[in-house]
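Could you build all of it, start to finish, from the sequences and the hints given here?
Chains A and B are the protein sequences, given in the same order.
The working numbering applies: residue 1 is where the first sequence begins, and numbers increase by one.
The working numbering applies: residue 1 is where the second sequence begins, and numbers increase by one.
In case anyone wonders, no lab produced these hints; they're calculated from the structure.
Computed from a predicted structure; not experimentally measured.
Here a beta-carbon is modelled for each residue, glycine too, at the ideal position from N, C-alpha and C.
Misleading hints may appear alongside valid ones.
Away from chain A, derived, C-beta distances all over 10 Å, residues of chain B [stated by the list, open to error]: (1) Pro45; (2) Ile47; (3) Val76; (4) Pro116; (5) Glu215.
Some, not all, of what chain A presents toward chain B, calculated at C-beta under 10 Å [as the list claims (entries may be wrong)]: (6) Leu25; (7) Phe47; (8) Arg48; (9) Gly62; (10) Ala102; (11) Ala106; (12) Leu111; (13) Met143.
Each chain is listed here by its residues.
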Amino acid sequence: MSRARLALVATALLAWAAPASAHTLGNGYLQLTVRGASASGQLDLAFRDLEDAVGLDVDHDGQVRWREVVERRPELERYVRAGLQLRRGEAPCPLTFGALGAVPRADGAHLVLPLEATCDGPVEALVVDYGLVFEVDAQHRGMVTVSRAGQDGSLRLVERAGPTTFELGAPGGDVAGFVRQGVWHIWIGVDHLCFLIALLLPAVLRRQGARRRPATSFAEVARDVLGVVTAFTLAHSITLALSALGWVRLPVRFVETAIALSVAVAALNNLLRGVDARWAVAFALGLLHGFGFSNVLLDVGLPGQHLVAALLAFNVGVELGQLAVVACFLPLAFLARGSRAYRVTMWLASAAMLVVALRWSLERALS
Amino acid sequence: MLPPPWLRSPSQALVFALGSLGLAATLTCAALLRGGAAAPRGAPPSIPAPEDIVAVVEARSGAASRAATGLAAGDVRARVALARRWIASARRSGDPRQLGRAQAALAPWWDRAELPDEVRLLRATIAQSLHHFADARRDLDALAPRRPNDVQLHLTRAAVAAVTADYPAARQSCEALAASAPPLYVAACKAPVELVSGRADAAYQELAALDATNEDEGPQVRAWSATLLGELAASLGDLAGAERHLRRALAAEPSVYTKAALADLWLSSRRPAEVVSLLADAAEADGLLLRLAIAERRLGLGSAAAHAAQLRERFAATVARGDRTHRREQGLFELDVEGRADVALAHLVENWALQKEPIDALLLLRAAAAAGAPAAAAPVRAWIRATGIRDRAIEDAERALAATGGRS
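Quick look at the structure:
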């Protein structure tokens with residue numbers, strides 16, 4: 001039997017060798033988050049695939065060391081630029097790359113390449129033209145996820161080089177998306193919640209001379225709470241609209257510091273038994289909070305059209321989240337209003353908020 | 001009747017109503033937010049130290065790969081040689097990523113209806129290895145009448161036909177070998193078909209005689225026939241003989257397939273410690289890692305959890321890429337690692353539609369017994385009756401299934 005024939009047979013023996021040797025085939029992962037006109041995220045490609053596609057093992061010793069990867073960075077970038085294009089419609093979104101990293105994946109160690117694409121306008125549909133690794137591994141698959149900031153992404157499997165279009169719709173998705181963003185923001189926005197609660201804590205008490213006594217009727221308490229909440233809502237809605245529509249813009253650091261200080265002021269007002277008309281405090285300082293909300297909204301990305309609807313939906317979300325907090329807080333506070341414990345709690349909570357808020361102010365001012 | 005105490009005054013009622021409203025609002029908001037969480041990501045990236053080894057590769061294989069991308073599209077000779085090298089390498093390592101590389105070498109013809117015979121044969125070989133049996137069969141059937149003396153063609157066609165339970169076609173391909181290959185090849189080709197046809201004993205005698213007198217074949221062929229003898233012996237219940245043949249095969253040429261066969265033999269005879277010593281350092285391939293995890297779990301070793309997690313992740317990645325051809329391994333994983341017999345059963349029922357080797361029958365019987373769903377194994381029992389297979393492990397599993405009340 002000739003040598004050539006033997007080689008053929010060896011190939012044929014795969015017939016028996018294959019089934020038990022199931023092994024994960026190679027994947028590339030591209031995850032992108034769209035904010036306004038930019039898409040940022042990361043690309044993960046297996047070192048083994050990059051060794052074949054680009055060449056990483058510079059000294060040919062069969063081992064790819066991290067310094068070799070770093071050394072080959074220019075070639076890696078050139079390879080990725082040639083094999084991966086992002087477009088907004090027909091217009092390309094040029095790529096810039098961040099610091100290289102490594103991550104373990106099911107099919108082996110991957111290189112992580114953070115990237116950012118800058119498009120020529122707000123992205124409503126992103127075209128991802130993924131054509132990496134296929135030329136060396138026809139069984140390669142690209143797992144591409146594109147999402148809008150704060151929303152679920154959609155995953156597409158790319159089986160061969162070619163463009164895939166991700167329809168993102170208007171930023172924030174539908175109206176419900178913006179409502180959700182609003183609720184989410186008020187709930188994770190500890191500063192907004194602290195401000196509101198600091199203003200509401202004394203609502204179940206009323207002043208008699210130098211002392212505070214429990215309020216007698218629920219109607220009286222409800223009126224007070226309604227005043228504070230309405231004033232806060234009105235104030236932050238005004239500045240949210242002004243800022244989101246681009247009429248008034250304030251620096252983020254200034255707004256964030258001022259919001260932290262507003263919490264300190266509200267807490268101090270409780271400790272010093274200062275202003276009784278807390279609705280006025282809520283209005284004056286609530287103006288600052290609106291600027292904070294608008295920064296979130298701008299981060300999510302505002303749609304070119306239906307801007308007002310998105311703004312309204314976001315605000316509805318904020319109010320819903322706020323209402324949920326008030327509706328939980330108020331009955332408990334009302335039931336507990338007569339006890340000494342309530343007043344002690346109020347004092348302690350206000351003192352704690354004062355300390356924390358002052359720390360926030362410092363951190364934010366200096367960051 | 002007095003109202004409950006918390007409803008005695010209007011203000012208390014109002015407080016109660018508001019409290020409920022608050023709770024409802026909170027729950028609504030929480031429900032709204034549930035969909036808003038960010039998509040899950042992999043582990044956070046790290047930055048290795050300069051001298052850290054991030055990947056071990058075959059030295060200069062990358063250069064070969066890149067050279068291939070520069071080959072002329074019509075360079076049949078060079079592309080076929082390259083594809084063959086990758087396929088051989090995939091066989092040694094059990095790494096199907098190399099099959100993707102072989103496919104890439106053949107890219108100019110991959111989706112063509114008209115292509116050179118050599119390329120068509122390799123396309124079929126790759127498709128078969130990726131468990132795309134129908135695609136493989138189409139190419140092999142097209143080639144068979146044109147290349148009556150092609151050993152590789154007939155061996156591959158026999159294998160595809162046997163896996164998909166087309167035993168007449170498998171037998172026909174093996175007999176076609178007689179014209180151009182030594183009798184050992186014909187006997188080895190037929191062995192899996194004879195095994196499922198209830199003639200394991202005769203097949204063993206014939207192959208053993210040819211194997212004993214064989215002197216001029218290389219290590220690959222010796223490993224091949226020894227592995228088949230091991231499988232036939234195991235089927236006949238001769239576990240010591242099976243182990244001897246499989247060890248001989250590994251000594252001639254180690255392969256993932258033979259290691260898995262030996263591991264299965266030891267797992268079925270309750271010798272997990274030997275599986276761990278065989279596979280502890282060499283379980284890169286999923287099929288081997290799976291058997292290692294089963295053995296470790298039976299021994300109560302701490303490493304079992306990490307290996308199970310690794311497998312879980314690999315199966316998830318496989319499913320995510322739309323690959324449904326790993327159901328045998330997934331079924332075995334669910335059955336013997338996760339202990340979820342019903343999930344295992346679902347995988348193995350689907351696997352049975354794809355491939356019908358003795359191990360597939362065995363696993364489906366075991367899963368049906370463990371899940372208490374004997375009816376699910378009806379297709380396997382029909383297959384056992386139709387083929388007349390006599391296999392020790394399958395008979396044991398059938399008895400165990402009958403004992404669970406599965407007389408159908």
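Hints versus structure:
1. Pro45: 3 Å, violated
2. Ile47: 5 Å, violated
3. Val76: The assertion about valine 76 of chain B holds, with a minimum of 16 Å to chain A.
4. Pro116: 15 Å, holds
5. Glu215: 12 Å, holds
6. Leu25: 5 Å, holds
7. Phe47: Hint on phenylalanine 47 of chain A: holds, closest Cβ of chain B at ~4 Å, below 10 Å.
8. Arg48: 5 Å, holds
9. Gly62: Given a least distance of 4 Å, the restraint on glycine 62 of chain A holds.
10. Ala102: Check passed: Cβ of alanine 102 of chain A comes within 5 Å of chain B, closer than 10 Å.
11. Ala106: 4 Å, holds
12. Leu111: 8 Å, holds
13. Met143: Holds, about 6 Å.
When each numbered hint is compared with the structure, violations occur for hints 1, 2.
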